[in-house]
Amino acid sequence: MDTFLLFISAIFVNNIVLAQYLGNCPYLGCSKEKSVSIGMGAAVIFVMIMATVFTWAIQKYVMIRFGLEYLQTIVFILVIAALVQFVEMFLKKMVPPLYKSLGIFLPLITTNCAVLGVAILVQRQEYDFMTSLLYSVAAGVGFLLALVVLAGIRERFVITRLPRSMQGVSIGLIMAGLMSLAFMAFKGMIA
Amino acid sequence: MIIISVLTLFALGFIAAGILAVASRVLYVEEDPRIEVVTEALPGANCGGCGFAGCESYAVAVLNDPLMPPNLCCAGGPDVSVRVAELTGKAMGDADPKVIFRRCVKDQGGVLKRFQYLGAQSCAAANLVLGGPDACKYSCLGFGDCVRACPFDAMWLENGLVRIAPDKCTSCGSCIRVCPNSILELIPRRARVMVFCSTQDKGKAVKDVCEAGCVNCGACIKKCPAKCISTVNGRIAIDQAACLAYGPECGEACVKACPRDILRCLAPDAVAPAPHKEPAHIPDETHVADLNA
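From first to last, the protein sequence lines stand for chains A and B. FYI, in this note's numbering the residues of the first sequence are 1 to 191. FYI, in this note's numbering the residues of the second sequence are 1 to 293.
It is possible that some hints are incorrect.
[Stated by the list, open to error] One-sided excerpt, in silico: chain A residues whose CB lies under 10 Å from chain B: (1) Ile58; (2) Met63; (3) Ile64; (4) Gly67; (5) Leu68; (6) Val75; (7) Leu78; (8) Val79; (9) Gln85; (10) Phe86; (11) Met89; (12) Pro96; (13) Arg161; (14) Ser165.
Calculated directly from the structure, the hints in this document are not laboratory data. Remember, it's a predicted structure, so these values are computed and weren't measured experimentally. Glycine included, each C-beta is placed from N, C-alpha and C at the ideal position.
Construct the entire structure; sequences and hints are all you get.
Set out below in structure tokens:
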């Protein structure tokens with residue numbers, strides 16, 4: 001039951017974008033079309049899981065052992081950047097169709113703070129390995145959900161009369177704020 | 001403590017760099033270096049006018065497919081085509097530069113509104129409501145879907161009718177794909193004659209809603225000595241390749257035969273809805289058509 005609650009809360013109640021305000025750059029940048037948002041969301045889920053696995057292992061077997069927890073942020077950034085590079089090379093060689101469809105998103109994920117945020121949150125909550133893995137999947141799904149919902153709304157703006165000053169990023173930011181408010185309604189779901 | 005932390009960071013950095021260095025060797029994918037060169041030669045507009053998703057996709061296709069012509073990049077024009085042909089070692093085809101043409105003169109025809117439309121300001125949305133607010137269901141809806149779709153700022157709206165800047169148009173066809181009434185058509189830049197209406201209705205039905213529209217009487221079809229005018233999907237169509245091949249010897253017989261002045265010569269002096277039947281100016285084959293009559 002706890003696992004189920006963790007999963008639901010990571011997707012809806014503590015959504016990584018709408019409740020924790022991480023990963024806002026790709027959230028606004030890749031939410032103009034639903035197809036693009038699904039691609040970005042899928043790529044983030046993949047990298048988030050990989051990053052959590054590696055950073056969890058490094059934290060447990062290197063950082064804690066040598067008393068270097070204060071280096072967490074810089075080490076995690078290094079690991080995630082290297083990991084994204086490796087994943088890019090791996091996909092290019094082994095799964096070219098997937099590489100082509102994700103190609104432009106993969107380098108963007110290096111600078112996605114949601115990935116780093118999940119890796120650090122997992123350590124802060126002191127989750128075990130399986131719980132960390134599950135949390136990273138749920139956080140990724142939450143990111144994908146936020147992206148797809150916003151893309152669905154923004155696609156409607158194409159046929160909506162908007163003042164010139166509101167077009168583009170302005171209305172995107174307003175919608176992001178309103179969505180964040182809407183997701184606050186989930187707060188009471190899990191005490 | 002400082003030394004341990006610095007050493008740890010260095011060690012992690014070296015390990016990551018080592019793994020990436022090995023991976024870049026093991027996972028090296030050999031790519032044709034010409035793909036990058038051809039992609040750089042293309043304008044990078046990714047407009048899709050060549051029929052491919054982007055410039056790189058076209059570069060890959062033109063290098064790998066021996067039958068793929070080097071002159072499909074309409075955004076780049078002849079210079080880019082020549083460069084691509086040089087890089088790929090292919091022969092240049094006969095690229096006939098094209099331009100977008102708007103088949104509607106509803107402002108001259110005084111097309112009335114059937115109802116006041118207050119919905120989404122988009123041609124696609126307006127067309128869903130009984131075919132749009134205009135009395136003519138084949139007219140330019142005037143909400144500018146094509147203007148928004150044009151990646152080259154070659155279109156604008158004026159008095160509810162789309163206008164085209166021929167010098168900016170690259171004939172990528174982005175606007176054609178979004179026009180719900182199919183009033184936009186690609187024609188050769190040196191085309192001499194064009195139908196300024198896209199209606200599929202006949203006679204009285206057209207006269208009731210538009211003073212300038214084509215009544216599809218077929219007079220132009222009968223008078224054309226080159227037999228390059230016909231009815232396609234219920235509206236007059238000109239086979240521009242055949243028309244240009246025949247040449248100006250016909251004296252624009254179709255224009256003279258048209259009782260509604262809706263077939264017009266594509267020249268600045270000949271496009272106004274003047275009562276005279278004789279075109280004021282027979283253009284040469286290199287003129288840039290006035291598309292905004």
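These are the hints, each one checked on the structure:
With a cut of 10 Å, the hint placing Ile58(A) at the interface with chain B holds, because the nearest CB-to-CB distance is about 8 Å. Interface hint status for Met63(A): upheld, as the beta-carbon distance to the closest one in chain B is roughly 8 Å, under 10 Å. With a least beta-carbon distance of about 12 Å to chain B, the hint placing Ile64(A) at the interface is violated under the 10 Å criterion. Evaluation of the Gly67(A) hint against chain B yields a held restraint, the C-beta minimum of about 8 Å falling below 10 Å.
Of the supplied interface hints, the one on Leu68(A) holds, with its beta-carbon coming within about 6 Å of a beta-carbon of chain B, less than 10 Å. At about 6 Å, the closest approach between the beta carbon of Val75(A) and any beta carbon in chain B falls short of 10 Å, and the interface hint on this residue holds. Restraint check, Leu78(A) versus chain B: the minimum CB separation of about 6 Å is within 10 Å; hint holds. Residue-level restraint check for Val79(A) holds (minimum Cβ-Cβ distance to chain B is 7 Å; threshold 10 Å).
The beta carbon of Gln85(A) is positioned within 10 Å of a beta carbon in chain B (closest approach about 6 Å), and the interface hint is therefore held. Nearest Cβ of chain B to the Cβ of Phe86(A): about 6 Å, under the 10 Å cut. The hint holds. For Met89(A), the shortest C-beta to C-beta distance to chain B is roughly 4 Å, which falls under 10 Å, so the interface hint holds. At about 8 Å, the closest approach between the beta carbon of Pro96(A) and any beta carbon in chain B falls short of 10 Å, and the interface hint on this residue holds.
A cut of 10 Å between beta carbons decides the hint on Arg161(A): the least distance to chain B is about 5 Å, and the hint holds. Restraint check, Ser165(A) versus chain B: the minimum CB separation of about 16 Å is more than 10 Å; hint violated.
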